[in-house]
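Engineer: Given next are the chains, with one letter for each unit.
2 protein chains.
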Amino acid sequence: MFDNLPKRVKVVEVGPRDGLQNEPNQVPTADKLRLIEALFDSGLPYVEVTSFVSPKWIPQLSDAGEVAEGLRSIRRNSATCLTPSFTRSTTTSCLVPNLKGYERFKTSGIDELALFMSATESHSKKNINKTIDQAFQALQEVIDAAKPDGFRIRCYVSVVFECPYEGKTEREQVLRVTERLAGMGVDEISLGDTIGAATPKDVYDIVDHVAKHVDKKHLALHFHDTRGTALANVLAGLEAGVTIFDASIGGMGGCPYAPGAAGNLATEDLVYMLHGMGIETGINLEKLVDAGAIAQEIVGHTLPGRYLKAALSTRQKTEDKAVQSCSETSAKHNCA
Amino acid sequence: MFDNLPKRVKVVEVGPRDGLQNEPNQVPTADKLRLIEALFDSGLPYVEVTSFVSPKWIPQLSDAGEVAEGLRSIRRNSATCLTPSFTRSTTTSCLVPNLKGYERFKTSGIDELALFMSATESHSKKNINKTIDQAFQALQEVIDAAKPDGFRIRCYVSVVFECPYEGKTEREQVLRVTERLAGMGVDEISLGDTIGAATPKDVYDIVDHVAKHVDKKHLALHFHDTRGTALANVLAGLEAGVTIFDASIGGMGGCPYAPGAAGNLATEDLVYMLHGMGIETGINLEKLVDAGAIAQEIVGHTLPGRYLKAALSTRQKTEDKAVQSCSETSAKHNCA
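Here the protein sequences line up with chains A and B, keeping their order.
With the numbering used here applied, the first sequence covers -1 to 334.
With the numbering used here applied, the second sequence covers -1 to 334.
It should be emphasised that the hints constitute simulated quantities derived from the structure, not laboratory data.
All of these numbers come straight from a predicted model, not from anything done at the bench.
Ideal Cβ positions, reconstructed from N, Cα and C, are used throughout, including at glycine.
It is possible that some hints are incorrect.
Unchecked claim - Mimicking DMTMM-like on lysine to aspartate or glutamate, the simulated pairs with C-alpha atoms at most 25 Å apart in a straight line are:
id	chain 1	residue 1	chain 2	residue 2
1	B	Lys199	A	Glu284
2	B	Lys315	A	Glu284
3	B	Lys215	B	Asp142
4	A	Lys315	B	Glu164
5	A	Lys124	A	Glu164
6	A	Lys199	A	Glu160
Claimed, not checked - Label-pair restraints from in silico Cβ distances:
id	chain 1	residue 1	chain 2	residue 2	range
7	B	Thr316	A	Glu284	41 to 47 Å
8	B	Trp55	A	Thr316	24 to 30 Å
9	A	Asn282	B	Lys124	28 to 34 Å
10	A	Lys123	B	Thr316	21 to 27 Å
11	A	His299	B	Asn2	53 to 59 Å
12	B	Asp206	A	Lys123	55 to 61 Å
13	A	Glu295	B	Lys145	55 to 61 Å
Same shape as in the complex, but just chain A (with noise of 0.2 Å):
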């Protein structure tokens, strides 16, 4: 074990598009921008930072529009000044649904693309309304547009290992769908566990069968922690060959279309793996806790992430006990 990991893993932060879409109230369009500057800042190689879906579907990201203006704003800042350098070296992308959200992303000045596909009939009904052919029949609309205007394409397939409406997912059924996409021009194809069903066995086992028509890399995972496997899940990935992951900051979000669905993989746990057996990210684990510790201010509530608990709650002691000392010193030396 262990003999052909990766000396690099890519992080495709997800927490912007996929975290914010679920929270139930709005976060405001700065607030965004904030967290987005701060995930830049940590050294992230990837970050997707909104959607340009109907704001009819998504209402917590009808600001698609803002959140590129500002972001345009912040990298025409930091080109005419020697620092931060690091809104160059971050790949931005955002989630485009159709023909009319391609054409607001066009001009949007975001990198990349991003699209989404069921790997079952049910899921792709529930969550689109679409058949799987009538979905691809939309996304090959977009691609037509896109590959001209030489952007480089993503592809979420949801339900990979299990669909909350047909149970397991036959592997035949996700190799379908993947060499399809592959074969449309597809760059990056993020394979996803939607529910957080998948044990490690399944993980190897898919990427194993799928690798056998698609190159490993084009493909990406993107795990739910649901029911706690996330980051053992990475771990069958990494021994099947694969060397990108999604995560998003602190673990917001999930699928709202994938009953009892709950916390994306959160990135710091990622990243802390990952660090700890020496494969690196280019990411500052610290800078990310910040990140975090934003992403939970601007939401409001506390995040699943183990990581950035334990951190936080290192940090807060260590304040709790500079206060103290510094207010023994100031009894001792009777000082206001």
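For chain A, the structure is supplied; the task is to place chain B on it using the hints.
Structural biologist: What follows is chain B alone, placed relative to chain A:
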């Protein structure tokens, strides 16, 4: 990967001891017994039920004698009727810190005893105010008494991966302590990640190193989920050939002497992953969730286990639907 997975794993439940000893309030004895019965009923092969430590140290477990008496009564009752048979298939154990504790244990009717030891001098001093050598002398006294009485002995080794006072633990030091315990006739040695800092490669490396001198069948692993890595670490342990894993119902507990430590690995998360990988445990996961619900009820707050949360939320939704459908029916039929 996964070519050498064990067919069966022994899950050691430590919740009633390691979990409850860290609860701020003492849980009434009757509630403890209700939890332990539910744990037996789930098919768990091994439950650590209490600790014969001084009530001054751990007041939460000051009713150890009453718990043992209650268990004897449960066993007497189960011996005289056809069901439940579970109480005969679950091995019980309890923590014994010294000879005085052993005298109380000996006549308690509890099947096995568990000792503890630290892998670092600083943790040993902080935890029990003894050097490692002094701690070994105390253990030797208990072992000298217990072995002739025919008892099987388990021993926990704390801070095997990282010590809150010394940083990364030297693996030679872990080997020395483990080898000495094995040489003293300890039957099962549980290597503990007391502050939840280990990542999978650490686990594989330590087991691999220790197993050069101590037979793997004597080794157990005890993980904390402080940074989310517990199940990934189990996976590495399985790959390294370990077949005994400790866990705590709902993820109760942690070591109060280790700053920042929080959350044992949750038993339900462990069992879900093992079953998902086709590894037998003899445990009924649904009944384990019942026990988890009791655990939450008697401690009076939500526990951190992921699977428990998902399972109870699904049950709640099903109940809500049933109630709704019932009231819909009532409305249609104009029932009272």
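Engineer: Run every hint past the structure and note whether it holds.
Structural biologist: Structure-based check of all given hints:
1. In summary, the hint linking Lys199(B) to Glu284(A) is supported, as the alpha carbons are separated by about 22 Å, within the 25 Å threshold.
2. Restraint check for Lys315(B) and Glu284(A): not satisfied, since their Cα atoms lie roughly 38 Å apart, outside the 25 Å limit.
3. Pair hint Lys215(B) plus Asp142(B) holds up; C-alpha atoms about 23 Å apart against a cutoff of 25 Å.
4. Proposed proximity of Lys315(A) and Glu164(B) is supported: the alpha carbons are some 19 Å apart, at most 25 Å.
5. Between Lys124(A) and Glu164(A), the direct Cα distance comes to roughly 12 Å. Compliance with the 25 Å bound is thereby established for this hinted pair.
6. Between Lys199(A) and Glu160(A), the direct Cα distance comes to roughly 13 Å. Compliance with the 25 Å bound is thereby established for this hinted pair.
7. Checked against the hint of 41 to 47 Å, the C-beta distance between Thr316(B) and Glu284(A) comes to roughly 43 Å, which is consistent with it.
8. Range check, Trp55(B) to Thr316(A): about 27 Å between beta-carbon atoms, so the 24 to 30 Å window is met.
9. Between Asn282(A) and Lys124(B) the beta carbon distance is about 31 Å. The supplied range of 28 to 34 Å therefore holds.
10. Lys123(A) and Thr316(B) have their C-beta atoms about 23 Å apart, which keeps the hinted 21 to 27 Å range intact.
11. About 43 Å separates the C-beta atoms of His299(A) and Asn2(B), a value inconsistent with the hinted range of 53 to 59 Å.
12. Between Asp206(B) and Lys123(A) the CB atoms are about 49 Å apart, so this pair departs from the stated range of 55 to 61 Å.
13. Between Glu295(A) and Lys145(B) the Cβ separation comes to about 57 Å, which falls inside the hinted range of 55 to 61 Å.
In summary, the numbered hints that this structure violates are 2, 11 and 12.
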